[in-house]
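Here the protein sequences come in this chain order: A and B. Under our numbering, the first residue of the first sequence is numbered 1, with each subsequent residue one higher. Under our numbering, the first residue of the second sequence is numbered 1, with each subsequent residue one higher.
It should be emphasised that the hints constitute simulated quantities derived from the structure, not laboratory data. Backbone N, C-alpha and C fix where the C-beta goes; we use that ideal spot for every residue, glycine too. Among the hints, a few may not be true.
What the hints assert, rightly or not - Chain B stretches covered by chain A per the calculated footprint, using a threshold of three residues with CB under 8 Å from any CB of chain A:
id: 1; stretch: 55-65
id: 2; stretch: 131-140
id: 3; stretch: 235-244
id: 4; stretch: 260-273
Claimed, not checked - Some chain A residues flagged as far from chain B (calculated, every beta-carbon gap over 12 Å):
id: 5; residue: M27
id: 6; residue: L133
id: 7; residue: V164
id: 8; residue: N169
id: 9; residue: V176
id: 10; residue: M199
id: 11; residue: G206
id: 12; residue: A320
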Amino acid sequence: MNNNTQSMAFDWRGFTGYLPFLVFILMLGYLGYSAPNLLTAESIDLILRQSVPTVVVCLGLAVVVIAGGDDVVSGGIDLSIPAAAVLAAAIIADQLTNHGTAFVPALSMAMCAAMLVGVVNAFLVVRVGMTPLLATLATSVATVGITKVVTASRRINVDHPTIVGLRDNELYGLSVGVLLTMVLVVIFYAAVHRSKWGMNLQAVGGNRDAADISGIPVRRMLAQSFVVASMAGGLASVFILARGSGSSPGSEENLLLEMILATFLGAAFSPRRVVTLWGAVLGAVLVTALSIGFKSIGVNVFWTGCIKGALILFVVATAALATGKK
Amino acid sequence: MAESGQLTSSTGATFNTLAGSFFRQFGFLLIIAAVFGFFSFYATNFLTGSNLLNIVEGSSILLILALGMTYIVALGGIDLSVGIAFDFGAAFAIVALKNYDLVWYLAVLAGIGGGLLVGLLNAFLVVRLSVSPFMATLGTFFIGSSVQRIFTNGGGPISHRRAPQEFRNLAIGNVSGIPTEIIIAAVVLLIYYLFLEKSIFGKRIHAIGMQREAALVAGINVKKYLFWGFVVAGATCAIGGIIGSANLRMFSPLAGYSYLLDAIAAVFIGASLNRSGRPSVTGTLIGVLFLGMIANGLNLMGLNFNTKDALEGIILVVVLMLAVYQQKAMTHRQ
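Looking at chain B on its own, in the form it has when it is part of the complex (with noise of 0.2 Å):
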């Protein structure tokens, strides 16, 4: 059994070459580039601009609770919590609109500050207490639905028809033709591509990520790390859920759960896409605009609203697969 295993894979290393590595370096960027294929030949009307733009306001939600996990996973964690923090963001800014009066502004800090109660609750369990991120976020997960369902009495929505234009600009707006919601998006992809990949900070969260006791050797303090890594994640995804509250004029609960696979594929897609399979921002974003156009494609398609989530799912898992296949068979030549 394990001399056949030891022959494939030395078989495989012959097989090494050129056509092959080239497959492995790129092989995703091509399985993106035949789906865009696919699409602007089968569904109607994905190959335009108006479309295109379509894509991109469309997956700038999806992109800002990427990036918050992005942040978790490169710490070498996990976040099952995003779902939450998004709805706490909503439910805050809401609430205050509509039960404080508040202008739109202190609304939206109330929203941040909703996904900051999310982040800390899961800082406090990891740091503190050493669960482990999984766990940790998964109680915050639970206790986060509960609450959603004690406060709605049974997961009712709350709507603010009357919310005031400037909150309601922050998702249907637009400046100079751009719409807010993709320059918010931009705005937070830009602090955290400055923050995760071009500075100090970044390069320690990477250390922690990979060898923690090394960072904690080297002299990193891993536990403020992780500490602040879960507040500013519950935080960004908060900014995602009061872009959704203020599209919708209404607070939805457990609206944030259908964000957490995603935001995960996303990352895990982008980490694929990176010469040392790690996480990155720009992985992400290629990771979100990809899962935004299968999305937007399969809508054009005209599906049936069941077939149509049972198909996501399943290209889901299938793109998952490539992207880890990918990712394995690269840091194994390194």
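Next comes chain A alone, as it looks inside the complex (with noise of 0.2 Å):
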């Protein structure tokens, strides 16, 4: 009797954990069926050019959930990675087309300040112990502030070689910008789960008492994700600037948006319902082919807002119920 019972919430519960990956299916298939030529192998390539800052960030993200746990409030949260994107798109920008600084230069100086962004986060964090949601969220603002400075919010444009280069130039058929963004998935994929480092990484995030008692030091990785979550930022402004070819002021707050969405997104399509690299990669793909089917069938942008808010809560309340969490 017990025993059955069981089984049959199981199966229920089994049923609403596959219910956000169904709805988005069934949405990609009504878009596709509305717009016929986004399935085209054109506009698949366009999809995945597009996706690659969201994808970026979320590989960061993705990092301190898995290091910090994925209670939202306790947990591990950056909500900065986005603000400390456009801070370094806006510095790479400032820098190539007010100051004529070579490329290189220029990435490493936006790199640092992207990571000191990570630095903050980690100390206010582990040293400080402030909840990641209150430090990141003061931190963002923070560094939407330093770059109102940068860029006397201002849109700056960016026709530097390199940056055109990332969007135009193809390798084998693909994008370079899509292709570096794959590489930088793979690092990263090899870090997490085939990494010493990843595996305790993956400890900390799954049981922190545990893996402080086997020695594993909880805190510095705890720090460590933050800065590695801000590195992925930083790395991210690169393709900023090459998909908007430039920098605008603001637009960390739809990335932040994309950002979360496809990494808890991401955790719906885990088997284990837990944030996960792959997933989170998956999510910003699929959240990105939502954006441009919806544009493509002529629903106006300003309702993509509404449609992807809707979405995290459905994602996320389906989550909820099937686990049964209070």
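Using the hints, put the two standalone chains together into the complex.
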């Protein structure tokens, strides 16, 4: 009897667990049906190119969530990655266009700035003991403020050959940006799933006390996760510049929305409902596919925030119902 | 590694002398005093009666939003959609006046209704669908922002120059010399103080925030309190939006966003001033006035708009850091 009810409950949970994925496939199917050119090679290429910045920031967030656990309030979260990415983009744009700096020094400056954000996050969370949510929300606001000083709240166009090449050049039929991102995904995968560091990281996220007892430097791992996340933010800046042909003020808000949606959507796809690298990457590509799909069937651009917000809630609600969590 | 960690904490304990404990308890008040002193010295006209009144008046709207936030944080949650409730309050009030020619007090009610809608959505998500407050209010934030863009066709403001004088007076009027804004904020403050700090409901709310399971076992209807918490917080923030719209005689979409972090910061600064490290109404009041003082002082120092934004952000990070540090230090000692 007891066994029976358990298995029934499991089936039901299993079903609600797959709901987000089903709804997603249905939506994509509908979009593919109403906009027949959405599923052509050409537009899949476009989707991949457009999703690159989101994929890269999602890698960063996935690392933080894997290390901190996936409770959004007390666990790991980093809301400042998009802000760090946009700051780095602003610095590169400003250096390339207004100061005539070469690409590599400009990128190094941007990476330093982005990683400084990560170091501050790490300090606030690990040393001071702030919750990651509060700490990264605060640093993200400060970072947006600093970005305003760098750009004077103006758009900066970039036509530097490296940035343009990242967007336009192709290798084996794939955009260079997409290829580089694939390399990044593989590096992150190797680091998180195929290295000692990654195993320790996952141990910390799985059970912090157990990890501590088995001698893993928990605090150091947590701190490193924030720095790695900000590094991903810094790297994303190059792709943001390539996608938008420059840096625009205020672009962090949409990136934040896509990053959170993609990462937690990815968790809904994973069998154990946890945030994973692959899930986050897949989520980022699917979210971009949805945005482009809605645009191509003529949905008003202002509606996309609404649809994505509703999607986040739907995914999180079904996940909560599936695990029966309070 | 673990050994050295223990070592530092034990030496830290021996340094826990009178001076140390004094700083832990009053350190943040010292910082407030120091900032006050700095601005009195470096920002001309900071320390004048009319400017101090300016600070209080300029903090009114933030205080109202921060009180709504205090309620939710006391319940153990967080509300990222206070700005949306603010915007909806402003939008509903202005549209009621402009398109439906309603009397001013009905417009105020409409505005509060707008905030209630936002609160109801949050409450439904958190209580019915068991979404965590963070995710629920984040979703509300994105949906609410998108709705405003759709409604205004991209984010242009809706202005209503011929708003009735009674409505405008909510922001710019005064009652025997005291600005109406301050009076409204004071009334909201008093109600929140009596409710959260002096009533049995407040005790239960704090109990839920501290130990939800224990509160549940003790027979408190946790879901009911969470539900009404979000609804009341939404309505409260809408009051802030109504005052804001009365001041400018227009609704500017997404204006409420700028209050979000300040509201959170004020609550956490306030919590750090408390012995128990819990959010409280008086603590929030002090936090709000402190933030108002910083904004006002930086303004008077004549800084560039972008620089001011960056500085405020950095100061906020530092202040929050000190606040949480002090809070941890105090709660660890108990």
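Hints, verified against the model:
1. A stretch counts as covered by a chain when three or more of its residues have a beta carbon under 8 Å from one of that chain; for the stretch 55-65 of chain B and chain A the count is 0, and the coverage is violated.
2. As drawn, the stretch 131-140 of chain B meets chain A at 9 residues by the rule of a beta-carbon pair under 8 Å; at three or more, the given contact holds.
3. Only when three residues or more bring their CB closer than 8 Å to a CB of chain A does the claim for the stretch 235-244 of chain B stand; here the count is 0, and the claim is violated.
4. For a cut-off of 8 Å, the count of residues in the stretch 260-273 of chain B with a CB near a CB of chain A stands at 4, and the three-residue condition holds.
5. A:M27, annotated as away from the interface, keeps every beta carbon of chain B farther than 12 Å; the closest lies near 17 Å.
6. Once the 12 Å rule is applied to beta carbons, A:L133 is inconsistent with being away from chain B; the minimum gap is 7 Å.
7. Chain B leaves A:V164 outside its interface by the beta-carbon criterion, the shortest separation being 28 Å against a cut-off of 12 Å.
8. Residue placement check: A:N169 keeps its beta carbon more than 12 Å from all beta carbons of chain B (closest about 35 Å).
9. Distance to chain B confirms A:V176 as a non-interface residue, since its nearest Cβ pair spans about 32 Å, more than 12 Å.
10. Its beta-carbon lying about 18 Å from the closest one in chain B, A:M199 satisfies the requirement of being farther than 12 Å from that chain.
11. Listed as outside the interface, A:G206 is consistent with that label: its C-beta sits roughly 19 Å from the nearest C-beta of chain B, beyond the 12 Å cut-off.
12. For A:A320, the condition that its CB be more than 12 Å from all CB atoms of chain B is violated, with the nearest at approximately 4 Å.
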